[in-house]
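A.B. asks: One letter stands for each residue in the lines below.
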Amino acid sequence: MPRTKIRLHTLGRIARMAFRHRTRMSVTIAFAVVAGAFQLWIPQLLGAAVDSSFTFFQRGASIEEAQSVLLLSAALLFGASVAHGVFTMLHNYHAEAVGQFIGYELRLAIYEKVQRLSFSYHDAMHSGDLITRGMLDIEGVRLFVNTGIVRLIVLSVLVGAGSWLMISTEPVLGLVALSFVPIVGWRAIVMRLRLRKSWHGLQRRLSVLTRIMEENLGGIRVVRSFGSQDYEMSKFDRTSNRAFNLTRHRIGVRVRNATFMSFAYFISMGLVLTVGGAMVLDGSITVGRLTEFLAYLTILQMPVRQMGLLVNSIARATTSGERLFDVLDREPEIHDKPGAPALKLKKGVLTFDSVGFAYEGQDEKEHTLTDISFEVAPGQTLGLVGPPGAGKSTIAHLIPRFYDVSSGSIRIDGQDIRDVTLVSLRRAVSVIQQDSFIFTSRLENNLAYGNPWVDRDHIEWASETAQLHSYIEQLPKGYRTLVGERGVSLSGGQKQRLAIARMLVLQSPIMVFDDSTAAIDAATEQRIRQGLASIAHKHATVVIAHRLSSLMHADEILFIDGGRIIERGTHQSLLRDGGRYAALYALQTNPDEDEAVDAKVFSRDGGLNV
Amino acid sequence: MSNQYQPEQEKFYGEHEGEHPPLAVVGSQTNRDERIFGEVFDGHVIRRFIGFVAPYRRQLVWSIVAVLAFTLTQLSVPLVIRYTVDEALVDTGAGTTALAIIGLVFFGLISLNYLANYMQEWLSNNVAQHVLFDLRRAMFAHLQKISLSFMDKTEVGRMMSRLQGDVNALQNFLESSIFVIGDLVLLFGIIFVLLTMNLRLGLMTVGIVPLLFLVRILWLPRARKAFIRARETQSSVNGALAEGINGVRTIQEMAREDVNFMLFRDKARDNLAAHLTASKYSQVMVPIVETLTGIAMAIVVFFGGTEVLSGTLELGVMVAFLFYIQRFFAPIRSVTMQYSIMQRAMAAGQRIFEVMDVPIDVDDRDGALDLKEIDGSIEFEHMTFGYEPDRPILNDISFRVNSGETVALVGPTGSGKTSLTAIAHRFYDVWEGSVKIGGHDVRDLTQATLGRNIAMVLQDPFLFTGTILENLRYHKHDASFEQVRQATEAVGAHEFIVRLPDGYYTKVEQGGGNLSVGQRQLISFARALVADAPILVLDEATANIDSYTERIIQKALSVLLENRTGMVIAHRLSTIRGADRIVVLQDGRIVETGSHDALIEKRGLYARLYSMNYASFDDIPEDLVQAALDSSQRT
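If you read the sequences in order, they're chains A and B.
Under the numbering used here, the first residue of the first sequence carries the number 1, and numbering increases by one thereafter.
Under the numbering used here, the first residue of the second sequence carries the number 611, and numbering increases by one thereafter.
So here's chain B without its partners, still in its complex pose:
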């Protein structure tokens, strides 16, 4: 293949009309990693669940009582019918009085049924929602404390699907599991009543139950496969749809609509076919259950009827049998359905607790100092740190930033500058040595103290949805408008803010979409200034900003650093030269430190990079940096 290869414009679309292109797909290709069904019973998940249900013990106990009461009333309705027939209607004599008594009893029963029904529904739904909200909260709260090294590796989207999708997947389980108790009691209750009313007829009808279980056991594995397939195709087609929406601009730009539609249609067809198959599987159970019911009814009518004829069976018992049979199969169905619900809940639970089980490494120790204000010095003492064991990113770092001083961190990509700033704020704990802020080891201070005293400006100026004013007050909710305005004026943000449609009350759209990168940067500067912390840690933004904004930002930076201790990851030469001291990092070690002039005189790495005459160190091509590194290593 040569560099001169110059293909002619191809008329590819005309000749490929309707064909499947070889290099095209829609939707993410890696959706298989999330299991939909887990073990039916996962001890660990269950144990953790119990922890969340425990606070609602009393409601739970009451709801179980209600479920039992409800089931017993359900169970007794056919019995009342039996006694009506046998005592009031057939044994003529005390008919009317018996009927009145039965009417009263029945009314009592259904009142109890009403009450129990109300209680079981209200309590179980409530407990379920409580547990769901608690779980989501606990998970969210845990995410606030988990070390950043975990969060770095995890996509927001995936975490959100745990907070939302997996938590909601439990809803079904939580709402239905209490009723399983009722279903089981009902099933065994019916069997018990049938056998006691008439052993022979009871045995004949109950004999059908194992048949149904057998059918379901044969049916389940096949049906499950069909159900899983339906879910998979569903998530695949949804993924493709989401991609089509998120990437719509690129799709229109490249006129891929037709190809994508064709590919999407294939996925949608797969999904349709899978769902139709699944539906066949679920519907085939209906005639089976009905057939078994029919057999049971026929048995009762023929054999029961014969016994009634011969006077060995009361008519009421036969009627009661017929009514029991009608409700016989519903509990079996819901109990077996519960099987899949449990499996899905276990899979979701596993993913949820996997997150909640991530240990919190960075936490306030007992008796950590909570200081309002501290002196703004930063000191690293023989500090070593890395993200993965045995792979240190920073090695034996020692330096001190005095109160009020500005230190610029300089070095090629991957030299450990960002990690160094993160450690000063104790986003991570060091392996060896220590970091001291205002003379205190950061591990002896509360995280709130660090938050109050260190303001950080990150490269990506993340803004929250809300008004600009709310964003500016993010750290200090009680800052007066005057304070905020002073800050924005100082960094040069006031002018553009007041020109926005609603000034300070302009809503920041999702991701700050209605502001330019430069404007977001300035707001984040002002936000740090409002926070008014003695220490400022700043990661200077690199490319992507035009020279105009760049200019204002440069000025704002000097305002920001006034009377403050500053640790700045610097890219711009003007920033670097404005610093009191420069720390040059390379491969996680400090190679040089000193003022600009001193370092130039020293003719080391810094001097070489500087001599290349780029406005920003990031503009220096990689090969030149490498050359500079090589030559400074040789000297």
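Just chain A, with the same shape it has in the complex:
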């Protein structure tokens, strides 16, 4: 069964991580053994104390003589208890520390990995799922290390050494006392198997429930406008009931097994009491020895009760570990070549040389991009236009190597971007997306996101150029205003201006505007463009836009459709050619003349081609 192998492998890997903290783990184990030894000594002391009270009583020995023996027993008991407590504290603490260190290491590793994994990974992975892995799954592994592993050790010490002590002193009674151990072990395995089976199911149902609630709240206006509250409730109930039934089933499994384990334990105790009692009667053991055995059993009660928890924590750690290692074992598809040098910027000329691109799993025919070639030098602007899904944004994503080209090459100052380090490349290229992420933080922190050492003048210059400065100035806290999810909410246009300003701070030699002014009104955009003109000579600029006024000033305009360049030229030459670009221009400037334009604007069959 290969699955079991993987699971054992996962647990083994977690254990290896734990044992990498060699000193702490050795200390933990050593202290656990010492604590266990003291704990196991206590029943013997108790038994001896009972025997001495009893036998002295029967023998009618002098009180003083007996008392000194009792005093010694009492002192030893006290000492053993204190020692047991101290060593338990120490091994618990060190085990917990190991767990915390592993949690810390995993957290850093996950964070680091997630930040480096390529776009293609994040495209396919739900962000909520990743967050769950980074929060709950790390907890699952950590808890297993700091409670699971220790419990396992303590349990084996107590059961192992305890059995040896009991069986070596009184084989029959010892076996009777331990008769519950195999039963508990067997139930634990059964329970683990049953709980494991339903775990994934429950997780799935709960995540569906989360999604239903999230979408309901996110789309509450749609729900209200269609009056669909009842439908939404029925959707909720269906999933919620399913999750509830499964939860009930799991409670049943847990309760049945856990209570049975405890019953088995008490049966053993009853047998010790009667069999041991009979042995006392026929004189083969003393009352003290019987007390000792019963006290051993009392010590074993806690581990038996915790068996359920232990099984749970093992099951959780296995699934959690698998999910974590699945992320950690991935290598970013896009990474530096070994020994790659940094990009050497001379002028900052961007060249596309017959670039072709297909997303993972796409076949030859539906290539997103085919044979794209162009060159942009500093001071020049390239405009990209075309219907949605034509591949314009893909071109933008290829420049900073968010994805790698499938054929052809992209060069900056003659260097293939795959041959230089990612960091140097991405500092040379700025892409401003239509939907950029605003961090919940101060405006100044957002503006300085790419260069957190930048000075205030620089920030203000960038936000001024992006037409954001006057808005920020009138906020009560100015540049220290909190924005983002929990802060002041910005309009779509303001967000885009923030994204532009954030990029301007970086002054990258190559700037790509990926439809990044769609929500900004035409006049403001005009002003931003004027501001940019003063620094334009330093940058090679690529502009992607639907609104032709955003790019008609470009030195070259490429009309892209179906991933190919259909037309290219300047605004004037393209208008003269009277092709698709000219038709689009006509559409945007004269919205009222419909039908005649339509035929030209829509390429193939009037549908929306994506």
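Please note: incorrect hints may appear among the correct ones.
[What the hints assert, rightly or not] Straight-line C-alpha distance at most 25 Å; calculated SDA-like pairs for lysine to any residue: (1) K890(B) x F19(A); (2) K235(A) x D980(B); (3) K538(A) x V423(A); (4) K235(A) x D967(B); (5) K235(A) x L1079(B); (6) K890(B) x K113(A); (7) K1117(B) x R221(A); (8) K235(A) x G1076(B); (9) K763(B) x H249(A); (10) K1117(B) x S156(A); (11) K890(B) x R238(A); (12) K1086(B) x R238(A); (13) K235(A) x T1056(B); (14) K755(B) x R221(A); (15) K1165(B) x A583(A); (16) K113(A) x V635(B); (17) K477(A) x G849(B); (18) K890(B) x V34(A).
Just so you know, these hints were derived from the structure itself, not from any lab.
Chain A is already provided as a structure; the job is to place chain B on it using the hints.
C.D. replies: For chain B alone, kept in the frame of chain A given last:
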């Protein structure tokens, strides 16, 4: 600072290697608003809780019975040992028979223990889960009815953390509180048994209990601080992780990985340190409890043993004492632990009931009319409305949209257009005047009637996870495939849908991520057409759509409005000109109404905006709008 400031490209990274940047943070900076611990006992929360537990009264009573039975059997085990020693083993004579009887009694006891254990675990866990699921459902159901003005102000994320996190935080409380009864009974039971078995020895050992309480009382406030700190750093580090995941594209784009990692590591280190401190606090109790147990055992062995020697104490009693002491401290520990569990539960409960206590302002009144079909007229009569008291958004609005007519609402941002459409659907109740649909005041109709008769197309075409077909049928689950296809063909969505990998059965990803904005818009049009309501309220999408999609949407719009009453928030001139009548709003008042031609002739605000020759009113720069407003106010 001048506009000409042109900074040179800085080589900032090389010289700042490993330093803390002044303007960088990771993770949200405002996590302090959610309290983790509340009062131990919050009357209001408890009262509301009782309401949710009440339906499971019987199970609850039985589980308490089971807990008591379980505790009593636990309590009697050392007693059985005592009698074994004293009656069967020491008083030799009737040894074997006594032993047999004791064996039977013990077996009876543990069978009862098994049964009680099974019952208490099963019932208490079940009740806990029932209450949790009920609470979540009640909260969700309440959110379906709460007025939108509350929902507008609340983030989905925060609401979700109440529905999930806070409800789950109660789980621990619900599962453990019944057992507290058992723990208390066990504690007092042991004390009682010890004192009755032997008063002197009992007093000596029980005397240790207050000592432990004292230690715990001293320990608790400090430990709590450490625990709270551990939780805070935990949530801060998790917040930073979530941010790193959600913003990963921007982070890679700006090559912030190294700086972020450094900042994240600091947070993770804080968290590690806080947890290690917390763990020290929780572990330090272990040797204290063990020491006290050791003292108690030593007392029993020495003083008890001496009494046994002198014949004043039975040996069995001494043995029983030793066994009781072993279980003495566990209940004290769980009872004091319950303190923190209660506090957390109260804080979570407070947040949950805060939401559930939000009053429902818009609700069907008794005897509201439930009409299948109504005539599609809309009428506003001297209607005034606002979101906050004393700040009306709409003032004395009166106009009528006749059945089959299309009215375009036009006006600058903030003039109240969106509020007007929301009121027609009774998302909010008006302050004064009335809104009538098909001649009935909306407050006299059931909300279901309004839902059936008014289809809304919102600016943001929200789609649900599921297939495209399911989304199209969202309002009318029994619509035939033929009906759906007719709708998609009419709005021009059919072509792109059939070209998707699974056609109508293509799954819409979270947030409609696998469809373009334009495609989502068309699906939402088709969804409204499938609903086939006599009234259509539409908020035309503004920017963000390319000219191609725009074109198809324009055509779809006219299909959609055919034979229907339409109230359209219009941005595109072509839409506005296609309307039968135009209502021009400004600052919450109607300034002009009439047909396009009539309004042009009137030379008011509309004519001025129109004359600026923009394809969309939203393209007009704010200052020009302001100028137009100023000049129309002067005339």
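A.B. asks: Now, for every hint given, state plainly whether the structure supports it.
C.D. replies: Do the hints match the structure? See the list:
no. : hint               : in the structure
1   : K890(B) x F19(A)   : holds (21 Å)
2   : K235(A) x D980(B)  : holds (23 Å)
3   : K538(A) x V423(A)  : holds (21 Å)
4   : K235(A) x D967(B)  : holds (24 Å)
5   : K235(A) x L1079(B) : holds (16 Å)
6   : K890(B) x K113(A)  : violated (32 Å)
7   : K1117(B) x R221(A) : holds (22 Å)
8   : K235(A) x G1076(B) : holds (12 Å)
9   : K763(B) x H249(A)  : violated (39 Å)
10  : K1117(B) x S156(A) : violated (51 Å)
11  : K890(B) x R238(A)  : violated (46 Å)
12  : K1086(B) x R238(A) : holds (19 Å)
13  : K235(A) x T1056(B) : holds (22 Å)
14  : K755(B) x R221(A)  : holds (12 Å)
15  : K1165(B) x A583(A) : holds (18 Å)
16  : K113(A) x V635(B)  : holds (19 Å)
17  : K477(A) x G849(B)  : holds (24 Å)
18  : K890(B) x V34(A)   : holds (20 Å)
In this structure, the hints that do not hold are numbers 6, 9, 10 and 11, in rising order.
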